[in-house]
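**Student:** Here is how the chains run, residue by residue.
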Amino acid sequence: MFEKMKEKSRQKKIDKIEAEQCKYNKIKPATNVIFNIILAFLAFLAVVPFVFVIAISLTDEQALRTYGYSFIPKEFSVSSYSYIIKAGSDIIRSYGVTITITVVGTILGVLLIGTYAYALSRKTYAYRKFFTIVITIPMMFGGGMVATYMIIARLLHLTNTLWALILPMAMNSFNIIVLRTFFNTSIPDAVVESAKIDGASEWRLFFQIVIPMSLPGFATIALFLTLGYWNDWFNALLYIEESSLKPLQSLLMSIESNMQFLKSEGLKLGLSVENMPEESLRMAIVVISTLPILVAYPFFQRYFVNGLTVGAVKG
Amino acid sequence: MKESNNSTLPQKRATAWSRFKANKELLLLSLPGGIWFLIFAYLPMFGILIAFQQYRPEKNFLLSVLHSKFVGFKNFEFLFKSGDMWIIFRNTIGYNLVFIVLGIVLPITVAMLLNELRNHGAVKVYQSMMFLPYFLSWVVVSYCLYAFLDPSKGLVNNILGKNISWYTEKDYWPFIIIFMSQWKGVGYNTVVYLASICGIDKTFYEAAMLDGATKWQQIKYITVPLLRPVITILFIMSVGGIIRSDFGLFFQLPRDSGPLYPVTNVLDTYIYRALMQSSEIGMSSAAAFFQSVVGFALIMIANKVAAKIDNENTLF
Amino acid sequence: MKFHVLKKMAVFSMAAALGVSTLAGCGGGDDSADNNAGGDGNSEEVVELKWYLIGDEPKDKDLVFDKVNEYTAEKIGVTINPVFVGFGDYSQKLQVTINSGDDYDLCFTCAWANDYLQNARKESFLALDDLLPEYGKEMYESIDERFWEAAKVNGTTYGVPSEKEIASMPMWVFTKELVDKYDIPYEDIHDLEDLEPYLKLIKEKEPDYVPLYLTKDFSVPIYMDLIADPVGIEFGDDTLTVKNLFETEKLKETVQTMRKYYEAGYINMDAATASDDKSVKRFVTKGDGQPYAETTWSKDLGYEVVTSEIMDAQVTNTSARGALTAINARTEHPEKCVELLNLVNTDEYLRNLLNYGIEGTHWEKLELTDEEKEQAEGIYDADFKVEFTDQRENYSVTYWGIGGLFNTYVMSTDPVDKWEVFKEFNAEAVDAPSWGFDFDPTNVSTEVSGFGNVKSEFAASLFTGSVDPEETLENLNTKLEAAGIDKVIEEMQKQIDEWKETRDEDSDKKETEDTKDNEEKETEKETEKETKDE
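Protein chains in written order, with the numbering used here: chain H, 1 to 315; chain P, 1 to 316; chain Y, 1 to 534.
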């Protein structure tokens, strides 16, 4: 599988070189500049707050209070990071938990969604309509938190297991429909039909033809799933009571929500909130929870950016 | 199905059986997902009953649901009781209409711009950067925004040299809310379109090029028509969410400031504030159920309309 | 066709869920059997109780609770399985746990998190009245009667109260530096109006300081028990007339004064939207606390503050239900639960172990000074205070979330008479006229749910004086009327009248009984005469 992917990307590189020689499908240099300027501006807008967040996370809390926010820390300090490390010595373990559920969940989810969406995309599939309805209804109707809890905790007994974090998020109707639509547009019926005539089973068809042909679609779904798992904290709140199984976001969210609570109610209740680096801590939380996933992002990105405008001369 | 109406029972069975046999491979493929939906989506649905009950917990949830008193639509009343209902629905639906339009136009535009760039390295950088806001929660975004709009220390007032009280002047907020929602979502939404553009069969462009089609013509006659299924589907799905809103956008971003309510109060924030004091789960279930029913009806309508226009590109 | 499928599905899911419930039932049984076996190898009788506690899980939880369990297993055959849930998440987590009928034995509950009243009404919590005399006698006797009264809902006790301050204590918090500099008689300042001359003085003399610093969470002093905010009974109103806060004279005056202060520039301009910023130099602000709160505040702000009480402390249901521990109505070990709570609240060793962790690890004994010893005479039993070690951070819990405070050791930073002062404060606190009355909002839940939106739309700007009070009040009251406030007032008035009648009858009965007792000594004739006269 991986060998194949490697080969594929090598092939893509060759294609890319060829594409670059293929000048006449390119936009004019002047237009290119304008496009670049527009996009650079948009990208800049998107990044500003993030830089800001990093800057604040590295500013001394006292300096923040006196001078307000600024892009360059007035007084550099890593106290918020050390606070997090102190507050959650389990932070490394939490990273481990998060990575585990993200990887396992994404793989499981892609398989489940992929097979389901593929079946739906086949126009000859007799139960297509039924299975479409099956996913349409839950898109709108849900049994609510308590009922879902009851199924997961009391029927399946998943409390305090990682499955409670993985299974409930493995599928959702939105992803299935996006992928189904993707199959519909990117895999010509002719391809499927000729393979069927050659006697290929649906399994082979799916794994050997559909998957390689729709990598951008799969990458999109995988990205959505990964982000979903990475950012999830709510399931952990409900199903995980064992602190060693708490994922990163849940740990950080509880630091944050505790902080917010103590800030507004703490004094009323006689709880001390001294030495809590509020603003910088909040921002450090964002940095800590975001950076690793940013590193993972290019892995997905190459599937829907690399292929762009490439392959004009393919075939 | 209609054909089989006249046929006798054994025949019917036989066709059902042969149909099953012909489809069994695909059925096998959709079965794991189907089971998932049964367990995680359909089993909990009996919880919907709570919306019509005065819920009392018992030994287990199912018994509670069976034994709780039914109160008809009483739990729904609070949704329509407020004197501000008109404003709330106007805000909810109004913003969502804008979001639906922008949510299609902006990401597609950006995806196409990215697609046409000559320098591939830059594409990656821009794309990654635009994705960043997605990672920031609304709480964090609201802090950043406050740094800009803080009436005394904020950057904007400093630059303008004015003393605008941003968090009490409601006139600015429709713009701020729309801008911030797109700012946060555009990178994420672009991905689907970008992937779809990637998935377009390149031979189409090749043929067009050989015919001497300009870039604009290629977009108009190849890219957009081929993106139509995705656009239609995403449109239908977003119509279903027209009376739901992103809670953080309307609650945290304006810092729950009272004077801004006329332009920031939407159904979700209204429900939140209404149920803060009395956490009756019957009422929150009722609110969710109401949103579901409306959403479902709208999806059906949108799907029908889409089917009228183009039978190929529908949800089902 | 579609419908048919749906129906089938519904039937199937119901059936499956039914199967589930039996399964779940079995599972629960198995669990507890496991617990029995695993809890303590030596004795079969040791049961494990799952206890939900508020606050973040301390790092040394296992270390401390191993020790706790060793002790409780030996004493009463119980071990604790504590589950800590952070403040921000507690209500939601417990709502799901309780409503889904999940297994647990004990949980923290109060008026502001995991709503005590609501759960008690739904009988999610166990009624304790029959169990207390047998299994919780010591605890029942040691805790102030008024807390037990507050724990009663419709005459039944559903939780064991943690003894702490019984009333909330709104205070003015002054910066000591300025108080000293201008020799301000802060102890005489109580009403909002009393502040005026000093605000003026600070405004003139100290331009760097905000005279009255307020934030968006600020509430003006409210002289009322807000039973269904903003509907309630004014303090001191023995006629028990239900009113809308925003239509009371007192509030109207208050917000007019606030407006005056705001226009005079005594209040920070951004008060209605600001969140607390400790760097802002202020002369006075409002705080809600408890006795000796100024020590905490001073530490927190980094400079000394002094306080004065705004009003006489009033006991309301909300204030007296500040912290309780309730037992799951469906626990398998109700007696053990009560026994455990009894032990926690009366056993000095256990109570302090739970509170501060292990002596020698998390804290050390600090000998009292001679002066302190003298002061402690008769009011503080231990001859030491708690001095935390550097391990303290590894075991820090919410003290009142576990049990009463008054038999915990005082910390080295606190005076030895701390709990004595608390007790005095509690004794002095006046019962609000509405104390003991629980409103049942079932009939008007729709209307009550409308209040939250209206109040949060106007409260911050109104209370901080940022807007014209007349116009805003009018607006606000119109919206409250639209939400149906009159119906709520009417309903509450009806309920409170009934409550008052039964209360008065009860007390009449008591009185007559008392009189009878006294009169027994007197001659029959005289008694007859008296009754005739009456």
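Derived by calculation from the structure, the hints in this document are not laboratory data. Be aware that one or more of the hints could be misleading.
Residues from chain Y shown here face chain P by an in silico Cβ test under 10 Å; the list is partial [stated by the list, open to error]:
no.	residue
1	P170
2	G265
3	A272
4	K479
Simulated crosslink set (BS3-like; lysine-lysine; CA at most 30 Å straight-line) [as the list claims (entries may be wrong)]:
no.	chain 1	residue 1	chain 2	residue 2
5	P	K153	Y	K205
6	P	K202	H	K123
7	Y	K365	H	K86
8	P	K74	Y	K243
9	Y	K152	P	K162
10	H	K129	P	K24
11	Y	K299	Y	K205
12	Y	K479	P	K170
All C-beta atoms, glycine included, are put in the ideal place defined by N, C-alpha and C.
**Student:** Each hint: holds or not?
**Tutor:** Going down the list of hints, with the structure as the test:
| no. | hint | verdict |
| --- | --- | --- |
| 1 | P170 | 21 Å, violated |
| 2 | G265 | 14 Å, violated |
| 3 | A272 | 7 Å, holds |
| 4 | K479 | 6 Å, holds |
| 5 | P:K153 with Y:K205 | 24 Å, holds |
| 6 | P:K202 with H:K123 | 23 Å, holds |
| 7 | Y:K365 with H:K86 | 26 Å, holds |
| 8 | P:K74 with Y:K243 | 26 Å, holds |
| 9 | Y:K152 with P:K162 | 57 Å, violated |
| 10 | H:K129 with P:K24 | 15 Å, holds |
| 11 | Y:K299 with Y:K205 | 27 Å, holds |
| 12 | Y:K479 with P:K170 | 19 Å, holds |
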